[in-house]
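Engineer: Read off the chains here:
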Amino acid sequence: MTDTVAESPAVGTTSDPFANIGRRVPKFDAIHKATGRLKFVGDVRIAGMLDIKILRSPHPHAEIVSIDTSRAEAMPGVKAVITHRDAPARPYGREFALPPEYMPRDNFVIPDKARYVGDVVAAVAATSVDVAARAVAAIEVEYRKLPAALNASAAVAPGAATIHDAVHWGEEREVPRRNVLRTVEMGVGDVAAGFAEADVIIENTFTVPKQQQSPMERRCIVVDPRPDGRLDVWCTTQSIHGLRHNLARALGIPYSRINVHQSFLGGAFGARLDMNVDEPIAALLAMKSGLPVRLQLTREEDMMSTSRHPATVRLRSGMKRDGTLVAHEMEAHVDTGAYACSGEWVTKCMGGWFMSMYRVPHQKFTGHVIYTNTPPAAGFRGFGNPQANVPIESHMDILADRLGIDPVELRLRNYIRAGDAYFAQGPNVVDHIKSCGVEEILTSGARRIGWERRAELARQKEGRILKGIGLGRAFHTSGCGQANEVSDILEYAGSTIKINEDGTANLTTALVDMGTGNLMGHAQIVAETLGLRAEDVIVNVTDTDSSPYDVVTHASRSTYVSGMVAKLAAEKLRDKLRELAARILEVAVEDVALAHGHARVHGTDRSVSIEEIARTAQMRQWGTIMAEESRRAVTTASHFTCKFVEVSVDTETGHITVDRVVAGSDVGNVINPVLVEGQIHGGAAQAFGYALMEEIQVDQDTGRTLNPDFLNYKILTSRDACRDFDVFFADTYEDTGPFGAKGIGESANNDGASAIVNAVANAIGVHITDLPITPEKVLRALGTI
Amino acid sequence: MNRTGPADTGRGANDRLLTLVVNGDPVSLVVKPYESLNSALRDRLNLTGTKRGCDAGGCGTCTVRVDGQAVYSCMYPALRAEGRSVATVEGLGDAGRPHPLQAALVEGGGVQCGYCTPGVLMAGCALYADDPDIDADGLAEELAGNLCRCTGYVKLIEALAGAGEQMRGNGMRGNGND
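Read top to bottom, the protein sequences are chains A and B. Quick note: the first sequence uses full-length UniProt numbering, first residue 1, plus one each step. Quick note: the second sequence uses full-length UniProt numbering, first residue 1, plus one each step.
Please note: incorrect hints may appear among the correct ones.
FRET-style restraints, in silico, Cβ to Cβ [to be verified]: (1) B:N14 - A:G48: 19 to 27 Å; (2) A:R448 - B:G68: 42 to 50 Å; (3) B:D130 - A:D726: 55 to 63 Å; (4) A:N506 - B:L17: 45 to 53 Å; (5) B:D15 - A:R177: 52 to 60 Å.
Please keep in mind that the hints were generated in silico from the structure rather than gathered at the bench. All values reported here derive from a predicted model rather than from experimental measurement. Positions of the beta carbon are idealized from the N, C-alpha and C atoms, including for glycine.
Excised from the complex, chain A in its bound form (with noise of 0.2 Å):
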């Protein structure tokens, strides 16, 4: 065969164009985005588009007595409006990434009973934002309060009101008791026998906060209906196939109906991941007023509808006195919020991320996915993973200083490591590490931020200023694949790749670009396969009635699932180009190949370039030149990550400043540079905020948010940011990723909070168990408060 061509990694630092792999190219989508030339969901506009506003809840739980719309109807420019007297009695689930058997369905498109403060009520659509704003604030509701269970104790203490009556899983009809949604529970081994065993056991307890997604996008929503009754529909959404399976059984419309148009994303991270409520109110809006219609929610409503699940975290550690874990024990209460959404799948992850950072003989994991009268809770970067990685990381530190082992060598005693089973996916989803970076991340990342300068900064005790440094240790799946293929989870995807007459390539894939260049690394990959260069390869903006199958952009999946769909789809338009080429130069096909733009005899200086391919194949009438292909993955691929971060602790104002990270990834084969740079420094900043400030706080006697804004809820600006940021990488190639990568979205950000937990307790001697740590918190913990 003659693939070495195209097989060969390239070198990042190369001139040459066509070297396609780890070159810094910049991502195609850029210079639309930074001419305000690029339109997303906001900025669609149709003629005669309605706007539509919500009516929402001023109670956390209170059942809708009746309802009176007369006035707002009566209203001149409303056309239509909606209560759950006209949305479908049958509940929906939300999630994308889940086959419709096995997802949780308790949503209504309008609920006849408010389970927090926001929920939906009402909706309007009306010729402008100011009409349906007056036309929601007309409408009369006459509410019986009941009851509200504002965090997860008082959901599950005895006697708290039933915020579900049924949840259904698929088609089977579950009672939730005492509020408890699920009951997550994974283990191995024994773990009294292990705990017996260790001589040093700790346990604590982790408070972790309900972050807040904060894409500088709101949700908006745009509904056209057609005159053949189908809808058009543009949405800020992680899936375009996703969005309209949900919203054709939310609605009860078949699928083919809808028509979701693909949209770059002004961020997401993991708040586009499932559907949420606002789709199937503007579909039905639409329906009902045969009229465009749009919803944008305002920054308030969008900071109420999704946040990182809040939980408290209890893990006991055993470890023998020579370093080696031999006991791990969690117990975690996740509050989901008012509704299921995508709790239990986040509480699974959750287990299965503790279970597999480090070899334990004997580990347990319960998680109570708990309903509470507050806004729901959705997916966020690291799906239950953070949440777990900030106990287990904040005790190996604790068990080191314990014993008097180097927290990194006590790291590399215990990690898993290649050959290792690990959960990539929850319970389900189990795979062996074959690429692993950690040892070299490590070492070197430890030696990068002088790490040797740990023990004497835990001495000093004196001054206003106190410093410290700390690691957090993580990994992330890449993908959900596995081996068989009936699953609780969907993962597939898939491409078309067409050579266009003048020797450039289409790529057609209704993967969504969320902001991280995912959709480039495409063109990376397709180029580099085809012997073209990047900007050689157009990636069409795509809709659901025209692309194959793509299951939604998240698990750090995009470059190693579908990017490696995408490369197989051009192996495949790369066999047809040798095929046409050696019947344009009379040779056989074994013995050409692609390269530099050109199809190549060996052992010869013969060569016909794809342009010349592509002209003489439409002269001739050979047909248009395309491929595609469609299927699951079988593998995943862990990334692993570690971050070393130096801070600054002012013991009188308890303020905390970040003055330098060193991030070492295993990221397999880096694509391109740049936007894995990009990930690494932004899931920090990310990370950080979760660490430092970032909470919604629900008000405990009014149930009322009372944060949902910038000016309130607080994430880092360019003032707070660490710049001096070291980025490297190790030196692996996964055997199963396109062209050696992995994933890295996720792990970006799943180390960063327990590196400055653990930073913070090496400068002021204290283990803050109580995330964010804010300055009010420090001064507890020195006590000077």
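Chain A is already provided as a structure; the job is to place chain B on it using the hints.
Structural biologist: Chain B only, in chain A's frame:
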């Protein structure tokens, strides 16, 4: 019911005529007295390059320049722009002739999702116009009013600072589109 679905409620008694200059061109339009400059640009003039992230002055994605000054267009009454010169990202440069700040963000990985980008560019232009010698630390200090959730501000600030060196070489002051 009226099936034609007009896009707006039509002209009301309080509506006002607004005359201003947008990206160098004179523009006249009718706005409501309470309407923001952001709404006038996005919803009336279809200049959707300027974003709207929060409507409360909390994120900076809507930043434009009014007579050279960077302002949050969501907090700036449209009528206050009467007779003034407004600059938006649409007037900054294009793919063929990008402004140095645009080129730097594209090439330096300063653009991820791109939603903060137009606001960052307009704020960046104003900062360079005010102080052509502003460095990376100065930019990081002054751009705290423009949130970015993707980049951690590392490549964002690096790229803007790099463009400053280039602009100083060319004698530019960031006035790409005044």
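Engineer: For every hint, state whether the structure bears it out.
Structural biologist: Verification of the supplied hints:
no. : hint                        : result
1   : B:N14 - A:G48: 19 to 27 Å   : holds, 24 Å
2   : A:R448 - B:G68: 42 to 50 Å  : holds, 43 Å
3   : B:D130 - A:D726: 55 to 63 Å : violated, 32 Å
4   : A:N506 - B:L17: 45 to 53 Å  : holds, 47 Å
5   : B:D15 - A:R177: 52 to 60 Å  : holds, 58 Å
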